[in-house]
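Given only the sequences and the hints, what does the whole structure look like? Please build it.
Below, each chain spelled out in residue letters.
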Amino acid sequence: MTTLWTAVLLGALACYAIKLAGLSVPARVLESPRVGRIGALLPIALLAALTATQTFATAQRLTIDARAAGLAVALVAVLLRAPFLVVVVLAAGTTALLRLL
Amino acid sequence: MAGAATATLLGVRNGLYGLQLSRVLGVRGPRRLLAAHLVIDESAAMAQGRASAPLARLGFWTTGLAVFTLWNLATVAGAWAASSLSSPQTLGLDVASSAAFLALLAPRMRGRQAWSVAVAAALVAVVATPFTPAGTPVLLAALVAGVAAVRGAGPTRPSSTEAPDEADRP
Numbered sequence: 003m004t005t006l007w008t009a010v011l012l013g014a015l016a017c018y019a020i021k022l023a024g025l026s027v028p029a030r031v032l033e034s035p036r037v038g039r040i041g042a043l044l045p046i047a048l049l050a051a052l053t054a055t056q057t058f059a060t061a062q063r064l065t066i067d068a069r070a071a072g073l074a075v076a077l078v079a080v081l082l083r084a085p086f087l088v089v090v091v092l093a094a095g096t097t098a099l100l101r102l103l
Numbered sequence: 150m151a152g153a154a155t156a157t158l159l160g161v162r163n164g165l166y167g168l169q170l171s172r173v174l175g176v177r178g179p180r181r182l183l184a185a186h187l188v189i190d191e192s193a194a195m196a197q198g199r200a201s202a203p204l205a206r207l208g209f210w211t212t213g214l215a216v217f218t219l220w221n222l223a224t225v226a227g228a229w230a231a232s233s234l235s236s237p238q239t240l241g242l243d244v245a246s247s248a249a250f251l252a253l254l255a256p257r258m259r260g261r262q263a264w265s266v267a268v269a270a271a272l273v274a275v276v277a278t279p280f281t282p283a284g285t286p287v288l289l290a291a292l293v294a295g296v297a298a299v300r301g302a303g304p305t306r307p308s309s310t311e312a313p314d315e316a317d318r319p
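So the sequences go chain by chain: G and Y. Its first residue numbered 3, the first sequence is counted upward by one per residue in the working numbering. Its first residue numbered 150, the second sequence is counted upward by one per residue in the working numbering.
Think of the hints as simulated: they come from the structure by calculation, not from any bench. Treat the numbers as computed from the prediction; the structure is a model and nothing was measured. Keep in mind that the hints are not guaranteed to be accurate.
Claimed, not checked - Covered stretches of chain Y, going by a simulated chain G footprint (3 or more residues, C-beta under 8 Å):
1. 156-166
2. 170-176
3. 179-189
4. 194-206
5. 242-252
6. 257-268
To be verified - Not everything, but these chain Y residues come out facing chain G in the computed CB check (under 8 Å):
7. V275
8. A290
9. V299
Ideal placement from N, C-alpha and C gives every residue a C-beta, glycine not left out.
Okay, here's the thing in structure tokens:
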């Protein structure tokens with residue numbers, strides 16, 4: 003039990019330290035043009051990667067399931083410029099409906 | 150201990166979010182300590198691409214505090230009444246975050262470089278998933294952005310993420 007709590011606390015501490023470190027990098031470092039380009043491209047890479055893994059991965063396994071259909075509907079909604087909440091609700095609704103069938 | 154290592158690996162991307170958020174948030178002292186706790190996928194995503202720095206800050210703080218509050222309330226509720234709640238999968242809620250990230254990605258998809266980075270990042274993350282520990286695929290995808298930024302000195306107009314900072318400066 004003590005080992006478990008030590009691990010939980012260590013993990014929490016490490017995660018918090020990383021976030022604080024990110025926020026604490028001096029602004030001077032962030033102003034170089036190269037870092038600026040990374041700043042513009044990084045969110046694109048992270049959002050695309052998160053979208054892909056949260057749709058096609060279950061732990062470390064790759065699967066194509068009802069989530070893929072939900073994402074496809076979300077993509078259509080996005081292309082039709084649907085509002086944010088509509089996109090999310092349509093995707094969840096599609097996935098739920100497919101699982102019900 | 151393996152769990153703690155996984156959590157730390159998953160947390161590394163929050164450090165990258167912190168890098169992007171630090172200028173927009175402009176927090177120091179105790180507020181920085183609080184802000185750091187709220188740096189997550191959701192709050193970072195809602196702060197990025199806002200038209201102005203105040204809007205970005207509003208997005209960060211409201212999302213961060215809302216997720217923190219509701220996450221913990223939901224954890225308590227889940228632990229207390231797990232059997233009486235229907236599973237998130239039944240409601241399709243597991244795809245909600247994917248759809249949300251896609252919707253947040255859409256306005257950034259301008260120009261060929263944005264598309265190639267997005268496609269490459271998604272591919273790298275998916276291909277790496279079976280072979281690497283949790284959290285690593287997304288970090289490898291982040292490397293794609295790094296490589297593209299170093300190589301492509303082309304006319305990458307910084308997205309609107311940069312605009313609020315300039316507007317904010319005296």
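Status of each hint after checking the structure:
1. 156-166: holds (count 10)
2. 170-176: holds (count 5)
3. 179-189: holds (count 6)
4. 194-206: holds (count 3)
5. 242-252: holds (count 11)
6. 257-268: holds (count 7)
7. V275: holds (5 Å)
8. A290: Since chain G brings a Cβ to about 3 Å from Y/A290, closer than 8 Å, the hint holds.
9. V299: Hint on Y/V299: holds, closest Cβ of chain G at ~7 Å, below 8 Å.
Checked against the numbered hints given earlier, this structure breaks none of them.
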